[in-house]
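Peer 1: Could you build all of it, start to finish, from the sequences and the hints given here?
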Amino acid sequence: MFKHLLVLAITTIFVENVVLVRFLGICPFLGVSKNTGTAVGMGMAVTFVITISSVMTWLVSNYVLDPLGLEYLRTLSFILIIAGLVQLVEMFTQKSIPSLYNALGIYLPLITTNCVVLGVALLNVQNDHTFEEALVYGISSGLSFTLAIFLFAGVREKLEASDVPQFLKGFPIALITAGLIAIAFLGFAGLQL
Amino acid sequence: MKKIDILRSGLFKENPTFVQLLGMCPTLATTSSVKNGLGMGLSVTAVLMCANLAISAIRKLVPDKIRIAAYVIVIAGFVTIVDLLLKAFLPELSKSLGIFIPLIVVNCVIFARAESFASKNKVTDSIVDGLAMGLGVTGALVIIASFREIIGNGTWFGLSLFGSSYQPAIMAVLPPGGFIIFGLILGGINLIRLRGKADV
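Same order as they appear, the protein sequences are chains A and B.
Under my numbering, the first residue of the first sequence is numbered 1, with each subsequent residue one higher.
Under my numbering, the first residue of the second sequence is numbered 1, with each subsequent residue one higher.
Keep in mind the hints are simulated off the structure, nothing from the lab.
Watch out, some of these pointers could steer you wrong.
[To be verified] Chain B stretches covered by chain A per the calculated footprint, using a threshold of three residues with CB under 8 angstroms from any CB of chain A:
id, segment
1, 9-18
2, 73-80
[As the list claims (entries may be wrong)] Computed list of chain B residues with no C-beta within reach of chain A, every gap over 10 angstroms:
id, residue
3, M24
4, K60
5, D64
6, P91
7, S119
8, I143
9, I151
10, Q167
11, F182
[As the list claims (entries may be wrong)] Lysine-lysine pairs mimicking DSS-like chemistry, simulated, CA-CA at most 30 angstroms apart:
id, chain 1, residue 1, chain 2, residue 2
12, A, K169, B, K197
13, B, K65, A, K95
14, A, K34, B, K60
The structure displayed is predicted, hence computed values, not measured ones.
Don't be surprised by glycine CBs; every beta carbon is placed ideally from N, CA and C.
Peer 2: Okay, here's the thing in structure tokens:
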């Protein structure tokens with residue numbers, strides 16, 4: 001059991017990286033990666049929310065929607081859970097862990113529209129994950145996002161100072177850079193797990 | 001506002017994908033083949049038109065404070081309808097687009113149009129805007145997908161182009177190719193724009 005969960009975690013973080021292989025969460029990946037500090041802050045906030053939301057959506061899906069035959073309300077109820085959860089996390093951290101709130105503050109509201117969160121919730125249902133698998137999948141997807149955005153921000157900091165042809169400046173070169181990092185991640189596809 | 005201007009701005013001047021750079025996840029994930037790109041683009045168009053219609057119709061009833069929550073529910077409702085229709089009538093396409101159909105809910109293009117257009121304009125204008133922006137997305141996805149499918153698979157819309165001697169560069173249909181080809185297309189558009197400025 002433990003080994004199985006470990007394999008799931010490693011697969012999610014490296015082999016099927018949520019950003020670079022599955023194309024989830026590209027907007028914050030490109031938007032909030034100008035420096036490594038903010039990138040890690042965003043990554044942590046996302047990991048925090050995904051972990052809680054994948055557990056909550058799993059419970060709602062398996063104990064409320066499925067028994068009542070309301071599967072068609074899945075997308076709607078998941079997005080409402082996530083939006084509510086983000087709001088709740090924001091209020092909770094503001095009251096009881098102000099230091100964390102100040103560190104994450106500006107990123108929290110952005111997470112509602114981060115497709116990693118909804119994507120992971122839907123994939124949990126689609127792949128028939130058990131409760132433990134859903135929990136591990138949530139945490140490791142968050143870490144997977146954090147790893148990708150951290151690596152990308154590191155390269156982008158260097159890119160600021162480099163001489164890029166005028167027509168590739170900004171977004172185009174950022175995308176090409178992301179592509180090169182994604183090539184590196186293809187190497188993990190050969191892992192025998 | 002003239003309908004033709006709304007159409008033109010959605011297709012070219014304010015193209016959601018190439019100019020506003022909104023909704024990047026489906027842009028990269030569903031363009032590995034022209035068929036998928038077209039399917040995704042038309043699904044987004046359908047949701048955009050319906051959501052714009054509904055949001056424009058209720059724009060005077062919804063209090064300002066809860067408008068975002070109201071938009072989410074309206075959009076999620078239409079996305080579910082599209083999802084179920086695809087599952088019923090085009091099961092193959094539905095399978096290959098996978099979770100990116102339900103993920104249209106969090107596509108920023110739809111939010112952006114709801115907030116910046118449908119909540120301020122007449123119903124008919126809003127429908128035209130939804131159509132224009134949707135076709136803008138569809139066109140962009142088909143262009144990106146054409147490059148990727150031709151280079152990476154030697155086919156266009158499933159039709160073989162170069163015969164059996166062609167060795168496709170599989171990288172183009174893999175995830176890294178998505179990033180790199182989209183980056184190069186944006187660079188190409190910039191290049192044309194810079195040339196245009198230099199001439200004038």
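Peer 1: All the hints need checking, so say for each whether the structure fits it.
Peer 2: Hints and how they fare:
1. 9-18: violated (count 0)
2. 73-80: holds (count 5)
3. M24: Per Cβ check, B/M24 is inside 10 angstroms of chain A; nearest 4 angstroms; violated.
4. K60: holds (24 angstroms)
5. D64: Its Cβ never comes within 10 angstroms of chain A, the nearest being 17 angstroms, so this holds.
6. P91: It holds; B/P91 is separated from chain A by about 15 angstroms at its closest Cβ, greater than 10 angstroms.
7. S119: holds (17 angstroms)
8. I143: Per Cβ check, B/I143 is outside 10 angstroms of chain A; nearest 15 angstroms; holds.
9. I151: holds (14 angstroms)
10. Q167: Holds: least Cβ distance 19 angstroms, greater than 10 angstroms.
11. F182: violated (5 angstroms)
12. A/K169 with B/K197: holds (16 angstroms)
13. B/K65 with A/K95: This hinted pair holds, its Cα atoms lying about 23 angstroms apart.
14. A/K34 with B/K60: violated (40 angstroms)
This entry does not satisfy hints 1, 3, 11 and 14, going by the numbered hints stated previously.
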